[in-house]
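Chains as they are written, first to last, in my numbering: chain A, 1 to 118; chain B, 1 to 104; chain C, 1 to 172; chain D, 1 to 410.
Derived from the structure by calculation, the hints contain no laboratory data.
Yeah, the Cβ is synthetic: ideal placement off N, Cα and C, and Gly gets one too.
Okay, derived cross-link-like pairs now, DSSO-like style, lysine-lysine, Cα gap no bigger than 30 Å in a straight line:
1) 26/B to 27/C
2) 86/D to 58/D
3) 27/C to 100/D
4) 38/A to 27/C
5) 100/D to 160/D
The following residues of chain D were derived to be distant from chain C, with all beta-carbon distances above 10 Å:
6) 34
7) 44
8) 57
9) 202
10) 282
11) 322
12) 345
13) 353
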Amino acid sequence: MLHEWFYLVIFLSIAFLLPAAAILIAGLLSPRKTGKIKTSTYECGIETVGSSKIQFKAQYYLFGLIFLIFDVETVLLFPFAVAYQKILLFGVIEAVLFVLILAAGLAYAWRKGALDWH
Amino acid sequence: MIPLSWFLILSAILFIIGLFAVITRKNSIAILLGIELMLNAANINIITFWRYLYAPSGNLDGIILALMVFVVAAAETAVGLGLILSVYRRRKTVVADDLDTLKG
Amino acid sequence: MTLMQVIFLANALVTIFAALMMVTSRKLIHAALWLVLCLFGVAAVFGMLEASFITIVQIIVYIGAIAILILFAVMLTQNAVDDSYKGNRRWLMTGLVALLALGGTLLALFTWPKVASLSTALTTAQLDIGLIGQALVDPQGYVIPFEVSSLLLIAALIGAIYVGMERKGEEK
Amino acid sequence: MSFVADPVTFIIDWLQRVLGGWGLSSGWVQFILFALGAILLTVGPMLLTVGLIWVERKLGGRFQDRLGPNRVGPWGVFQTIADMLKIFTKEYITPIGADKVLYNLAPILAVGAVLGVWAVIPLSSTIFGTNINVGVLYIMAVGAIGELGVILAGLGSNNKYALLGGFRAVAQLISYEVPMVLALLVPVMLSGSMGLNDIAGAQKVAYVFLVPAAALVFFIAAIAENGRAPFDLMEADSEIVAGFNIEYSGLKFGMFYVADFLHAFTSALVFSTIFLGGWQGPGAEQYPILGFIYLMIKTVIVYVFLLGVRFTLPRFRIDQMMAVNWKLLTPLAMAAILVTAIVDKLTPGGFGLVRIVALLVSNVGLLLITNWLVGAYVRAHRARRQVVSGPRTVVVAPPKPVSEAQEVNA
Numbered sequence: 001m002l003h004e005w006f007y008l009v010i011f012l013s014i015a016f017l018l019p020a021a022a023i024l025i026a027g028l029l030s031p032r033k034t035g036k037i038k039t040s041t042y043e044c045g046i047e048t049v050g051s052s053k054i055q056f057k058a059q060y061y062l063f064g065l066i067f068l069i070f071d072v073e074t075v076l077l078f079p080f081a082v083a084y085q086k087i088l089l090f091g092v093i094e095a096v097l098f099v100l101i102l103a104a105g106l107a108y109a110w111r112k113g114a115l116d117w118h
Numbered sequence: 001m002i003p004l005s006w007f008l009i010l011s012a013i014l015f016i017i018g019l020f021a022v023i024t025r026k027n028s029i030a031i032l033l034g035i036e037l038m039l040n041a042a043n044i045n046i047i048t049f050w051r052y053l054y055a056p057s058g059n060l061d062g063i064i065l066a067l068m069v070f071v072v073a074a075a076e077t078a079v080g081l082g083l084i085l086s087v088y089r090r091r092k093t094v095v096a097d098d099l100d101t102l103k104g
Numbered sequence: 001m002t003l004m005q006v007i008f009l010a011n012a013l014v015t016i017f018a019a020l021m022m023v024t025s026r027k028l029i030h031a032a033l034w035l036v037l038c039l040f041g042v043a044a045v046f047g048m049l050e051a052s053f054i055t056i057v058q059i060i061v062y063i064g065a066i067a068i069l070i071l072f073a074v075m076l077t078q079n080a081v082d083d084s085y086k087g088n089r090r091w092l093m094t095g096l097v098a099l100l101a102l103g104g105t106l107l108a109l110f111t112w113p114k115v116a117s118l119s120t121a122l123t124t125a126q127l128d129i130g131l132i133g134q135a136l137v138d139p140q141g142y143v144i145p146f147e148v149s150s151l152l153l154i155a156a157l158i159g160a161i162y163v164g165m166e167r168k169g170e171e172k
Numbered sequence: 001m002s003f004v005a006d007p008v009t010f011i012i013d014w015l016q017r018v019l020g021g022w023g024l025s026s027g028w029v030q031f032i033l034f035a036l037g038a039i040l041l042t043v044g045p046m047l048l049t050v051g052l053i054w055v056e057r058k059l060g061g062r063f064q065d066r067l068g069p070n071r072v073g074p075w076g077v078f079q080t081i082a083d084m085l086k087i088f089t090k091e092y093i094t095p096i097g098a099d100k101v102l103y104n105l106a107p108i109l110a111v112g113a114v115l116g117v118w119a120v121i122p123l124s125s126t127i128f129g130t131n132i133n134v135g136v137l138y139i140m141a142v143g144a145i146g147e148l149g150v151i152l153a154g155l156g157s158n159n160k161y162a163l164l165g166g167f168r169a170v171a172q173l174i175s176y177e178v179p180m181v182l183a184l185l186v187p188v189m190l191s192g193s194m195g196l197n198d199i200a201g202a203q204k205v206a207y208v209f210l211v212p213a214a215a216l217v218f219f220i221a222a223i224a225e226n227g228r229a230p231f232d233l234m235e236a237d238s239e240i241v242a243g244f245n246i247e248y249s250g251l252k253f254g255m256f257y258v259a260d261f262l263h264a265f266t267s268a269l270v271f272s273t274i275f276l277g278g279w280q281g282p283g284a285e286q287y288p289i290l291g292f293i294y295l296m297i298k299t300v301i302v303y304v305f306l307l308g309v310r311f312t313l314p315r316f317r318i319d320q321m322m323a324v325n326w327k328l329l330t331p332l333a334m335a336a337i338l339v340t341a342i343v344d345k346l347t348p349g350g351f352g353l354v355r356i357v358a359l360l361v362s363n364v365g366l367l368l369i370t371n372w373l374v375g376a377y378v379r380a381h382r383a384r385r386q387v388v389s390g391p392r393t394v395v396v397a398p399p400k401p402v403s404e405a406q407e408v409n410a
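Take the sequences, apply the hints, and build the full model.
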């Protein structure tokens, strides 16, 4: 079992080293003439307006929250899906109940307007 | 192979660092980070004992308990951040000490 | 010092360093990102314990969902004052308490007889995820925690939405 | 196994004998073979991307009735290589106050995440990176690392618009990961395993014909996850400057570009592995090289279809895009799981005709019901909007009596 994960470790380290090496090589090849204006933050060409800290809407948090709850739900459903062929109808009903409860959660979020991006 | 004690030492150290973060940090989101770390340390312990003592006999208690720790951590973070954000919207502060209106 | 032990030690060092940096970094964004590195280390520890399902769930749930939610929250409360970590004087005393607690746990650990037992190899049949699936759904198994966790999730969802949504009154 | 039938395994066995002959311990031989396989499976897709960019620009031209690149080399074949050489020598402009570590880590994570998917794809019955039993979840985990790369780009480049663009992009990515993960549950249910080899192997009849609803949801979510046309709010020109990669220049920007194009082909590859039967095809068991060819044919078909969608459909506004996801795709994915779970349990096992027809009819029925529901929702929505913004009467000042006007002129 471990040598499969060992292959993944090697694969991911190479997959991350490859672009890093490409960026390093390009760094050596490319010129380096930094100027004051050149490195100022780009804002459609005009001077930057106001501090770079802006106020976000609560919408981002709501979407992250709903994603978190449904992500955990799906992760709990995956072992059931793998064992699906060997499970009787009674087990399937339990999983259906599990999904329906969380569908009710989605309906609540829809009703309260948490899903719209106003 | 790796003796059991190494995993327990690692999880103890992580738990203590999490505890340290919860006590000393003032920002309530940093306290939440500390709690996440403590939950992770507990999870390492659960999976270590499952692997060393119960896995050969096919017992799955450890895995299910670890899954429940994930569910609880997710629910706790969701509600915790919700509270912190609503407090921030009303009080414009995230520092845990300022929230002492109940002290009377 | 077999290869596995070397890998474990390297991973443990990275994880503990990330955890320490998380506690001591001043900007909250850096603290959150150090936590992400620490979570990767913990996922590697699970991988070494041959709990493949828990490793993948750790990466998806913790790094893919919880860390992103924390980063969103950090961005939403960005304009709040950055807590100056060095400021409060409690950290020295708590540091001592923490080290004492750590010493106590390690002491208790080493008096326990079964601590140095080595792990036995697992057959692939035991590692099949289907076993977890069957256990989660069969009544003699863990169907109660399975259904209760869905109730917990929907309660957290409704509670967090109710608390998190901006009511009409406070758009000041 | 003769060389013609299965060249890769033949080479692996030959290498094993040669390295064994040099007296290396089996651990080292295993390590070298793993490293070689990994290098092939990462450098290959990177080189493939050069061809993909050309194909995409050429086909894009054809779709929009123009020529596409045709200057550099015959039919513009070397256009991408020319672009690559140019971008290799472009200067890195790092904005002041940019967080060095995050700023530079973002493109590496973005490309690494897309390359990571290639580790678990079964290229043929015997050639595959690794056969971990959590393949499907691994693809989701690697997708999460890609999202992390987007956040780091937004956070690291100390630019208000990059920050806002980055978080809007991540809001889109995580929203569309929900239906994608839910849709992936269905093939795992039918094949009884999460390993991609077992899913590809179990598909005597391609799952597209068994569960079209889940396949449609996965296809739409894959397009959105890749930030491609109807959902390409991430680097859309009409939106916030250029999204999270404003402050990037030179090859760092090139890496985001490569990640985008390679992600399109990889999602086509994952779709054909999970829903079209991967390397399945007549004679794929005996001659694995045939399996590889079948997989490539299916992937190219899905890829061209993906490009077709990209070059024809207009762009969604962000609130429409979120509404499509949360109010249409997620409920549809959940319904697909419930329908498949119940119907598949009531019908007899195996690939009998009864099971196939039952599953197909139930899924198509589900799609029709969804179509009708969406129509009803849109009609109701449009009716409600009509009432709100009826023709408002604009108050017109009464015209002055003619006599007064003459006095003024006189």
